[in-house]
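Chemist: Listed below are the residues making up each chain.
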Amino acid sequence: MKAIPIMPKIAQCSALLTFANLRLLIDKTIKTLALPGFGILVFLLLWQLVANNIITSLGQFPGPNQVWEQSNTLLAEHQRERGKEASFYERQQQRNAKKLAKNPDAVVKIRAYTGKATFVDQIGTSLLTVAFGFMVATLVAVPLGIICGLSETVYRCVNPIIQTFKPVSPLAWLPLVTMVVSALYVSDDPFFEKAFLTSAFTVALCCLWPTVVNTIVGVASIDRDLINVSRVLQLSTAVHIRKIVIPSAIPMIFTGLRLSLATGWMVLIAAEMLAQNPGLGKFIWDEFQNGSSNSLGRIMAAVLVIGVIGFILDSLMLTVQKRVSWDKQAILR
Amino acid sequence: MKNNYLEISQVGIEFPTEGEPFRALQNVNLSIAKGEFISLIGHSGCGKSTVLNIVAGLYAATEGGVILEGREVDEPGPDRAVVFQNHALLPWLTVYQNVELAVKCVFKKSKTKAEMRDWIEHNLSLVHMDHALHKLPSELSGGMKQRVGIARCLAMQPKVLLMDEPFGALDALTRAHLQDSLMDIQQQLGNTVIMITHDVDEAVLLSDRIVMMTNGPAASIGEVLAIELPRPRDRVVLADDPDFNNYRQQVLRFLYEKQKNPAAKAA
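Here the protein sequences line up with chains A and B, keeping their order. Numbering-wise, the numbering used here puts 427 at position 73 of the first sequence, and it's gapless, one number per residue. Numbering-wise, the numbering used here puts 813 at position 193 of the second sequence, and it's gapless, one number per residue.
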């Protein structure tokens, strides 16, 4: 944090780039680029070494090289598929136009393209699902956590339930959620696909708990003096929550939300794999069933993408957390 | 001047514990006149803060009660503003917003927006904090934070200003500055003040009466000493004043001879 103002300063007086400034700049470059780069390089080398020594029934375990190749193939497939889709619609339009030219009253059919979902499509589906599930979880968890944190009585009532459901694996929930969604979500023209809802609710059920628990702790540990200030001012409950409780608990709420999002992302992949709901999990499972010599490379590419997306999601949450947190001195990582 | 603006009568309090309830206070009686400055002094753990919290309405007395201007105190309220030892500013609000929260609660019906703004700025200038209206508490020194805490309470126009060791966490020089500010303000506005302190010099310098408390458990008021030094008081002049030193000595004698520190006895 402290080193950030250095950059604009250097830009300002670049003519006066002193030795001391130069050292700071070099220090900073080493810390932010060179060290992580070195770590990644060592990891890639080790990976290659280990991969060379593992032979599976589907061929050699993929090293960084093969995974890179497969990633490019996956992107190329995606572009080819998009091209096919575009030409499908073009042909359909031409056909319909011809039909109408012959007979203006003809009934034209417009069909949606039903090509195979590509790797990139699956990423999109997964992100959408986790976003929806996480949103549902947040809308339930934060208010529940605030109520439990404010009232010892409610907390004592709810705590055993929270503690019981917290350690439940997503896979245990999945069959139940699937059946419940099928039973309750009956619509001729569904806005959401059932598979989407099943995955999203499984995610929500599993990523509820870190936010609930952290919100409770955050709300219950508000400084006594601040509560007394609120009592002296005779703040109404609504104002008390808005002005004192939520700002106080924001750092803990965000700690919970970050844990929740990370959990949600992990749960989602498992849920998609098991339930064959569209998304990255299904992609991995399909590749595994496919069992070609390229499968392991493609799966490894998916593993890396899952990791990078998880990393990006957490960084996004961290950015938001830094923006809304009043305690600018706190070191957030 | 009538002597029963604030009446603490027969107050006692017990706190529940695992075994027998702990009796912190017993038979506390005190009448305070309007505009009077009272200090409560005593060793740690003698229940000074408990008395203050009962007057504030934050604790409910087990027996006896507090009457302020003819009305019994049964809940906390802005007419008994509390200055906390650790300022208790909301760290996510600026100096101005901290005072604004209090002003909005007290004057939401009686003042217009512009009047409120003037009133907030006026109170912050009373404590010489008008230069830092839009700073966050974390950007201020300890003394400045406490000044804002005092401004927040003054802005509520309380009937009694309750101060719980307001300068206890500050260094000696900052404390002296704040004591002088507080004397000026009290001279100007004529607030009724109850202040808890550990500092004998502070008590003698600021107070009209010093209330000395006996050691707990079941603490009560030991002696009350009226300080009849002319105001305005100047700490430098008073340092050589025989009356001032006499008052000091009386308080010290009470604290260190009559009511030996229980912790020191144990050691």
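Keep in mind the hints are simulated off the structure, nothing from the lab. Take the hints with a grain of salt, since some may be wrong.
[What the hints assert, rightly or not] Taking CB as the label site, the calculated pair distances span:
(1) B:Gly665 with A:Pro390: 26 to 36 Å
(2) B:Gly639 with A:Val508: 51 to 61 Å
(3) B:Glu759 with A:Leu379: 24 to 34 Å
(4) A:Asp381 with B:Leu872: 28 to 38 Å
(5) A:Arg578 with B:Pro852: 32 to 42 Å
(6) A:Leu389 with B:Glu759: 25 to 35 Å
(7) A:Ala526 with B:Lys729: 18 to 28 Å
(8) A:Thr591 with B:Leu809: 24 to 34 Å
(9) A:Asp668 with B:Lys729: 40 to 50 Å
(10) B:Lys731 with A:Val508: 54 to 64 Å
(11) B:Val857 with A:Lys385: 32 to 42 Å
The beta carbon of each residue, even a glycine, is placed where N, CA and C say it ideally should be.
Chemist: State for each hint whether it applies.
Modeler: Each hint, compared with the structure:
1. B:Gly665 with A:Pro390: 26 to 36 Å: violated (54 Å)
2. B:Gly639 with A:Val508: 51 to 61 Å: Violated: the Cβ-Cβ distance is about 29 Å, outside 51 to 61 Å.
3. B:Glu759 with A:Leu379: 24 to 34 Å: Holds - the Cβ-Cβ distance for Glu759 (chain B) and Leu379 (chain A), about 28 Å, lies within 24 to 34 Å.
4. A:Asp381 with B:Leu872: 28 to 38 Å: violated (57 Å)
5. A:Arg578 with B:Pro852: 32 to 42 Å: holds (36 Å)
6. A:Leu389 with B:Glu759: 25 to 35 Å: holds (33 Å)
7. A:Ala526 with B:Lys729: 18 to 28 Å: violated (56 Å)
8. A:Thr591 with B:Leu809: 24 to 34 Å: holds (33 Å)
9. A:Asp668 with B:Lys729: 40 to 50 Å: Given range 40 to 50 Å: holds, Cβ gap about 48 Å.
10. B:Lys731 with A:Val508: 54 to 64 Å: violated (38 Å)
11. B:Val857 with A:Lys385: 32 to 42 Å: violated (59 Å)
The structure is inconsistent with the numbered hints 1, 2, 4, 7, 10, 11, although it conforms to all the rest.
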